[in-house]
Each structure stands twice: as C-alpha cells, then as structure tokens.
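**Q** Protein chains in written order, with this note's numbering: chain A, 130 to 428; chain B, 61 to 335.
Hints are supplied without guarantee of correctness; some may be wrong.
The list that follows gives simulated cross-link-like pairs (lysine-lysine, DSS-like), each with its CA atoms no further than 27 Å apart [stated by the list, open to error]:
1) 303/B - 261/A
2) 136/A - 188/A
3) 149/B - 255/A
4) 258/B - 255/A
In case anyone wonders, no lab produced these hints; they're calculated from the structure.
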Amino acid sequence: MENPFIKLDDVSFSYESGEEGPVTVLLPPILKHINLEIAKGSFTAILGHNGSGKSTLAKLLNLILFPTEGKIYIDGKNITDENMTEDDVYEIRRKIGMVFQNPDNQLVATVVEEDVAFGPENLGIKPEEIRKRVDEALETVGMSAFKKHSPHQLSGGQKQRVAIAGIIAMLPECIVFDESTAMLDPKGRKEVMDTIERLNRENGITVLHITHNMEEAFRADRVIVISDGVISLDGTPQEVFSNVEKLRTVGLDVPQVTELLYELKSIGYDEIDYTETDELKCAKMLAEIIKRRGSGDPE
Amino acid sequence: MLKDITLGQFFPGRSVLHRSDPRMKIILTMLYIIVVFLSESTVAYLVTVAFTLGLAIISRINVRVILKGLKPLLFIMIFTAFFNIFWTKGESEPLLQYGVIKIYKEGIIFAVKMIVRVACVLTGSSVILTYTTSPIALTDGLERLLSPLKKIKLPVHEFSMMMTIALRFIPTLIEETDKIMNAQKARGADFSSGGLIKRTKALLPVLIPLFASSFRRAGELATAMECRCYRGDKGRTRMTQLKYKPVDFVLLTVMVIYGAGVILSNIYLGQLLAI
C-alpha cells in the first residue's frame, strides 16, 4: 500500500503484571507481531471475540498504551519514536479520535454544547472558532436541537452521537470506534452506524470500527478478524464472511444471510454463491432457485 | 423515587439577577453579607430588611420557596434567640424577674436583631446566588474569579473540573443507585423496615457495587479525557467567555449605595428610632 495512514510494523503488546520488583514482569502478550496497513479515507471493521486484543490495538494507535515491541506509523510519522514530545503525543490524539463503549463515561460537561467544546478547548483554540466548530459538529451528527440539554436527558444513541460530535470538533483525520454500538438498543445502534458511515463517505474521515456485530462489519470496505492477538482474516466483507468454518473456529458467528446460504450449499444446493451478502439479492437468488427447481425438476 | 432530587437550589428564570454575571453575583453576595453584619442602628436594620425584600422581589422567586429555605435554620434561630433573651444583662431594670431568671430589654432587642440578621443573610444570599445561578455557572464563575490564585499554585482549575464532573455524574449515579436497589430488592433485600442500624446495614450491599462501578467509570472517563487531549489547565481556552454587562454594574452600584446607606445611618441616624 502506498502511503498508508496507519502502519503497524511487527507490533506486540503485553501488560505489565502489577507485582513490584526490580524487573518488570510481562503478562502473556495480548498482541503478537501485528503487521497492518490502513488506507486513508477507508472504513475498516475490526472483529474479534472478547479478549482477542482488538481494543488494545485501538489504544495503541493514540498512545494511550505503548507497544512493547515494534513501530507504529501515523501519516508517515513514527509515533513510537523516543523523541516524541508531549505536544506530538497530543497532536496524534487530535488526529486519531476515539469513541468508547459506554456513552455515559465519556461525556464530561453538564451541557451538550459544553461537552462538544471540551476537546477544542483543550487544544487551545480561539473561542469564536470553537463556537463555529461546535455548531458544525452538532449539525453533522444531527444533535443541534439538543445543544442546551443535559446529557442525562438523552437516550444512549443520542449520547453516543454527542460523544462523536465532541471528537469531530477536534477535526480528526481518523476516528476509532471502540465497540461504540455495543451498549445501545437497535434504534440507537442504527443512528450511530448511519452517522459513522456518513462521516466516512461525506467527510472523508478514516474509520476503524471495532465491533462484534457482523451486520455492522458488513457496512465496512474491509474486515479484519483478530483472534488471540494475531490477524486471522483480512479482506473485503464478502471474502472474510465466506470463510464460514474459520470464523467459527475463532469464536465468531457469521451473518445470518451468509449462514443460511452456507448451510444450503452444504446440503447440496451447489449453485449458491454464499459470498453474496446483500439481503435483497440473496432473496432474489433463492427465489430463482425455488422457481427453477419447482418447475423444471419436480423431485 | 430518587429521581426527583433537585440539583442544587437553582430555579431557572429571566430576572435581572438571573441574567447577571456569576462572578459579579459572587462578589455581590460577599459584599451583601458584610453590609448586613455592619448594620447596627435601627434605621440600618430597616434599610437591610427593605433591601433584602427588594432583592427577593426582583429575583421573582416564589415566596414559598424562600420561606421553605429559611425553615432548616428556624430551630437554630429560635434556640440562639432563647439564650440571648435569658443570658443578656442590661443596665436598666429587668422587664421580668422570676427567681434567678431576669429578662432585660437589651436581651430582647438583641435576639430580634439576630433573627432579622440571620434571616436576611440567608434570604439575600440565596436570591442573589444559589436560587438564580445554575451550578455550572457558579463553578465557572468561581474558577474565573479565583484564577489569580493559580499564581500561588492553588489548584483552582482542578477544583472546578472536579465540581463539574461531580455535577455531571450525580444524575447518572442516582440512576445507578436506583437500579442496584431494585436488583437487591429483587433478591429479597429490605430497605424500609427495622431501626436505624438495621437500615444502614441494609444499604451496604447497595454502596459496595456503587463504589465499584464509580471507580470503573472514573478510569474510563480519565481515558476518554486523555483521548480528547485533556492535560489540565495547560494551554486551555474556553468557548463561553464571561463578560460583564451593564446590568452587572447597575447591581454593583445599587449594592454600594445600600452599603453606604447602612454605614451612614449607623453613624448619623443611630439615635433615630432608638428603642
């Protein structure tokens, strides 16, 4: 890949055990020799079961955690370099925004617009400019009508959109969503997913979406499956989800559409192409098969 | 059930006092308290009472709310008044004498003055500050007013950040307490019967999970704040800028006139209406 936005070069990570001693003891590695490149403006989903290391990977990207081994490059800059100053670290954190799982635990202020302003305020931006950015960010996530509300008056999906606005207001180039839809109801989940997709398509923000929801992963351009600290699958959603057996061995469920087609194929419907993931197209394909079998071959 | 706790004592409105700058209101409250305690002569007291009533009227806060605010201190007021009446010694003949108990005119005057003073301070400071200023504006005003103290290394910003986060999380934690209580009730916990000790003990299974989750929340919030480039006060700007408006200076002028009035009536009108 030419000039990837994010590049991981043989990155490993282990937590230190809490024990005091002359030598820091490392726990078994969470990530093992990861090599990965993410293109600018792409929408990548990262899948993995609990404890697979996917959230750890996200935290390495903005230096909340520091890799035990290997190098990380953001926009061509080695962020694991020893000469990184404090200002450089904050510049990386501005470039790569992060939205977490629990919407309650990332909102700081008691008024929505004050919360969105929190990031730009930390960056030391001029008041008039912050005002402009806050209004624009709230507009982008469709929360302008709520700018004077208090966070506890909002639904989960709305809170999460406010959290996203708080990141957008810092004008990031990439946003990492760390299971940001996991605690939401179906409605909130849809609101947030639509917002994420729009940010990627319209605003050109690079999106890394960490999830264990297959339907969400489908909306990405690329899916990476992490299992036990290594990348076990990497490709377009179609490519990845057609590896039904492999996905099962790493403890993930395939999307229902794929599962249905896969099962049908395995009991003898050879003509089925189970890499098809669009529900409507699948329904048409199945209808075709039923029609053909029903008329031509009455067995 | 826990949801109807009101946060602070703030009553939203659009009165002059509501629209005034929080920094000015803090200054006004301090000036006001000083002036009330400077009131000595009867005329000064009358001025103070009139001024306080005036404040209460322009704040447009419901009279019932103000009276309710005085209630918690009623007992202390009566209690101290009672001691003042019986223990103050006057120069003239006692008004009433019954064995060792003597009641002097001075004692009664002193007790009445004290009640008026406490009632005024309480009403005045709540209508200037607590009833008409949202908690967030209050913290904000306090931070900016105290910001010169940052020079002597006082953690003013950190303190106000703590206040903001506390205010932000009170509703969240109340909601969570409710949930935990329901969960424990579903397992047979009983919070509403038995004596004080039994009830306090029954709260333990609520407090422990509440604390555990608060620590987890704190950790997550800290990470989220770091990700949003928070590094304390360093290089931080604010979106909302506080600006003194003409109304603030009008209020300040009124307060100064009131203070001057009290001092002058102490000096020149001390004998007028003297009891």
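**Q** Taking only the CA atoms, is the gap from residue 258/B to residue 255/A under or equal to 27 Å?
**A** Cα-Cα ~56 Å, so violated.
**Q** Check the hint pairing residue 136/A with residue 188/A against an upper bound of 27 Å on the C-alpha distance.
**A** holds, 14 Å
**Q** Assess, step by step, whether the Cα of residue 149/B is no farther than 27 Å from the Cα of residue 255/A, and give holds or violated.
**A** Measuring from Cα to Cα gives roughly 64 Å; hence the hint is violated.
**Q** Taken at face value, is the distance from the CA of residue 261/A to the CA of residue 303/B at most 27 Å?
**A** Between residue 303/B and residue 261/A the Cα gap is close to 19 Å, so the pair holds against 27 Å.
Going down the numbered hints, you'll see the structure goes against 3, 4, while the others check out.
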